[in-house]
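J.: The opening position of the sequence shown corresponds to residue 1 in my numbering, with each subsequent residue numbered one higher.
Just to be clear, a hint being listed does not mean it is correct.
[What the hints assert, rightly or not] Capping the alpha-carbon separation at 25 Å, the derived lysine-lysine pairs in DSS-like fashion look like this:
hint, residue 1, residue 2
1, 19, 174
2, 156, 140
3, 216, 206
4, 206, 195
5, 19, 130
If you are wondering where the hints come from, they were derived from the structure by calculation, not from laboratory data.
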Amino acid sequence: MTQTDSFFYSENDGIARVKFARPDTLNSLTFKVYRDLTDLFFQLRSEESVKVVLLEGNGRGFCSGGDVHEIIGELLKRDVKGLLEFTRMSGELIANMRLLEKPIISAVNGIAAGAGAVIALASDFRIFAKEAKIAFLFQKVGLTAADMGAVFLLPKVIGLARATEMLMLGDTIKAEDAERIGLANRVVDLADLEKESLALAERLAKSASLALGLTKRLLNNEWNMDLLSAIEQEATAQALMMQTRDHKEFHEAFSQKREPKFEGR
Numbered sequence: 001m002t003q004t005d006s007f008f009y010s011e012n013d014g015i016a017r018v019k020f021a022r023p024d025t026l027n028s029l030t031f032k033v034y035r036d037l038t039d040l041f042f043q044l045r046s047e048e049s050v051k052v053v054l055l056e057g058n059g060r061g062f063c064s065g066g067d068v069h070e071i072i073g074e075l076l077k078r079d080v081k082g083l084l085e086f087t088r089m090s091g092e093l094i095a096n097m098r099l100l101e102k103p104i105i106s107a108v109n110g111i112a113a114g115a116g117a118v119i120a121l122a123s124d125f126r127i128f129a130k131e132a133k134i135a136f137l138f139q140k141v142g143l144t145a146a147d148m149g150a151v152f153l154l155p156k157v158i159g160l161a162r163a164t165e166m167l168m169l170g171d172t173i174k175a176e177d178a179e180r181i182g183l184a185n186r187v188v189d190l191a192d193l194e195k196e197s198l199a200l201a202e203r204l205a206k207s208a209s210l211a212l213g214l215t216k217r218l219l220n221n222e223w224n225m226d227l228l229s230a231i232e233q234e235a236t237a238q239a240l241m242m243q244t245r246d247h248k249e250f251h252e253a254f255s256q257k258r259e260p261k262f263e264g265r
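With the hints as extra help, turn the sequences into a complete structure.
T.: If you want it as structure tokens, here you go:
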């Protein structure tokens, strides 16, 4: 396992584990943490050994958002050009997460607030501990909730009405309510969070990675498509997948009555 000022990183059996490294501040984000995470998710595109990413909190929290002193206080000193430089960089992090054609799991152990909530939202799977909470609290600090893609992503996950409520009121949502509205995929005991998250990561790592990557790409692409365009895109994608070695491996394994061993090609 390697450590930076931003996170711990380890890689094993196709799973990259990224664990925040600022537990004393509920893993608040600094300019450096933003930059390091943004660069990491870009670099992981070309890491063929990595099949799935597990993003984990540390201590009592998942990620409490931008550090009040190190980010918010400093941003008040910037002009418009400097502010736009920052907001574009924070959005780049979310873009890199969505453009990474590998599943990302967020294991939410405690509070996920502000930018931390958007990071969890941008993941493909969210497993909450029973103690976990999430809050899109931008408006409570005098900012628009239209930040880092939250207004684009959240309605697509939980629907427009509930997204409007969460983004405009900024209320803190408990784990059980997050699961009820579809924001959490599942809720588990805190003691089981690591085990359950790793089990899901291991299952995904053994899957056909090309198929998973293409599925994520089409999930992104089809959000704003009409039905006929989406059907045509899926027909083209599936025809390509039918030529892969992984698809042939499934047929061979089925014929031989064994589990398939996918290689991502």
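J.: Against the 25 Å threshold, does the CA-CA distance of residue 19 and residue 174 hold or violate the hint?
T.: holds (22 Å)
J.: Please work out if residue 206 and residue 195 have their alpha carbons no farther apart than 25 Å.
T.: holds (17 Å)
J.: Residue 216 and residue 206 were given as a pair; does the straight-line alpha-carbon distance stay at or below 25 Å?
T.: holds (16 Å)
J.: What's the verdict on residue 19 and residue 130, does the C-alpha distance respect the 25 Å limit or exceed it?
T.: Since the Cα atoms of residue 19 and residue 130 sit roughly 19 Å apart, the hinted pair holds (cutoff 25 Å).
J.: For a C-alpha distance cap of 25 Å, please report whether residue 156 and residue 140 respect it.
T.: holds (23 Å)
Hint check: no violations occur; every hint is consistent with the structure.
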